[in-house]
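**Q** The lines below spell out each chain.
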Amino acid sequence: MYPEELKYTDDHEWIRVENGKAYVGLTQYAQEQLGDVVFVELPDVGEEFEMGDSFGVVESVKTVSDLFMPVGGKVVEINEDLEDSPEAVNEDPYGDGWIVAIEIADKSQLDQLMDSEAYQKTLE
Amino acid sequence: MNHQFLPNNEESRREMLESLGLSSIEELFGCCIPENVRFKGSLDLPKPLSELEARRLLTQIANVNKPVSQMVSFLGGGVADHYIPAAVDHILSRSEFYTAYTPYQAEVSQGTLQNIFEFQTLICMLTGMDVANASMYDGASALAEAVLMASSATRQDKIVISQTVNPQYRETVQTYADATGLEIVEIPHKDGQTDLDAMEKAIDDKTAAIAIQNPNFFGIIEDPFPISKLKEKGKKTLLISVVDPLSLGVIVPPGDYDCDIALGEGQPLGNPISFGGPHLGFFAAKENLIRRMPGRLIGQTKDVDGKRGFVMTLQTREQHIRRHRATSNICTNQALNALGAASYLNLMGKEGIQEVAQQCLQKANYLKDKIEALPGYSIPFNGPVFKEFAVKANRPFEEIQKVLVEKGFLPGIHLQPYYDGMDDWFLVCVTEKRTREEMDRFAAGLEGV
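Sequence order for the protein chains is A and B.
For the first sequence, our numbering assigns the number 1 to the initial residue and increments by one for each residue that follows.
For the second sequence, our numbering assigns the number 125 to the initial residue and increments by one for each residue that follows.
Calculated directly from the structure, the hints in this document are not laboratory data.
Just so it is clear, CB atoms sit at the ideal spot from N, CA and C, and this is done for glycine as well.
There's no promise every hint is true.
Far from chain B, some chain A residues (derived; all Cβ distances over 12 Å) [what the hints assert, rightly or not]:
(1) 3
(2) 21
(3) 83
(4) 120
Calculated lysine-lysine pairs in the DSSO-like style (CA-CA distance at most 27 Å, straight line) [said to hold, decoys possible]:
(5) 164/B - 190/B
(6) 426/B - 74/A
(7) 431/B - 62/A
(8) 357/B - 74/A
(9) 74/A - 359/B
(10) 426/B - 62/A
(11) 431/B - 355/B
(12) 282/B - 62/A
(13) 74/A - 330/B
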């Protein structure tokens, strides 16, 4: 449910560092709370954001939420498949449901995030 | 004071004072309004009138106005004297439709929702755009909303707007821009049309949108294709086009020239001038912008039994949950006016709209030629016109207006307050209602000033 190799944020997002870039998505808990996701508004590749900035929007049948940067950085890839199949966020939140990939500006910011265990404690 | 229309009588006042532990209204006010700012004595008002007397007085005052129905009107600028078929008024008089408000409760509002859905569909057909909303307040606010929408969709703040766009619309845009920090760059006109070179120079990576009007404020039909091409000069630049809905019976619709947001004043569609309002704005866009659209959107769906039904759609987006981040504060629409517009479009049909547009075009050009031949008047711009055209006079417009109003004509809009160097210029609008006889008399009237 909450893979060990990921880092988590208070905003119920995860980040996975992989070959110099980091993938960002919503957690299992977040997708359950949102309900069926119908639309994900993505940033443009090349846009830069600070840690905590809103970089997009996720819309479900019952609500609309902002997406926040887990750490500061530059968007290097966006999951364009979400345009046609936003339900991937529900069906495979840690896989096909990834939202953006970023180039982290300051890796030390990762230390401020939670590991799987700490995150799961916040859900209790 | 006791009065039949005031719900508080002596007894209710006494009860309220008692519960406050006071003995008089004087005592209530005495506690908090300083003595030196309190008004003593009685107001200098005329004696009350009976209902009959009041009606007589108000009728007398109303009669000072000259209604358009008793004049021959050449007034335009977005609102014009078009014919309204009697059936429009009949449909509008159905009390079931008497609300300007949003029908939140779909189960008791199917008629209203269906009408708005049809209105949206008709606006899409007319403009050639993908989606239309449930209507806006008027053309001016629709343009201001389009500008905000373009800025939010592109995340850029610069708007390049042609000065051939209705000056009052531009003022409204400026009002919105002042509050939101948008940069508005106005492009001067050249011979009554958008100066393309100047516009091209003004567009850069930061340009959210180009805004034009076609036919423009001077009535001239501009070529929208080269303007649309200028979008490429920017990065994500959108094209906003203000259109006269009736002109679309004869000229190319915005959907054909890669326009992103098309909007305009809906009054020409079955709505009376009535002193300037209430009217309606229409607002249509490309499908990829649907989630950025201001206002209401009605969608078609199926109920539990699989029957066709109508509901408000895409609501989560703006006003309900994300109010603090919404790009627009428009939460309502002009439902009754939109009903008038939809009824008008349905009654006229495709052929009817074409016929109205052709008559406007032909009659306006008839009068334009006629005025051009008059001594003391000239047509300052060269471009082809739809239903309006600018006239330059060699005498003060005030004088022309005074003489012609006495003869029963509303000669047009004075351009001097809106544009530099147009002191004795005015804008004449000719609708399908004008007859040759009226136009000939009008021209003779102008000559006689």
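**Q** Compare the structure with the hints numbered earlier in the document and write down the numbers of the violated ones, lowest to highest.
**A** The structure breaks hints 3, 5, 6, 11 and 12; every other hint is satisfied.
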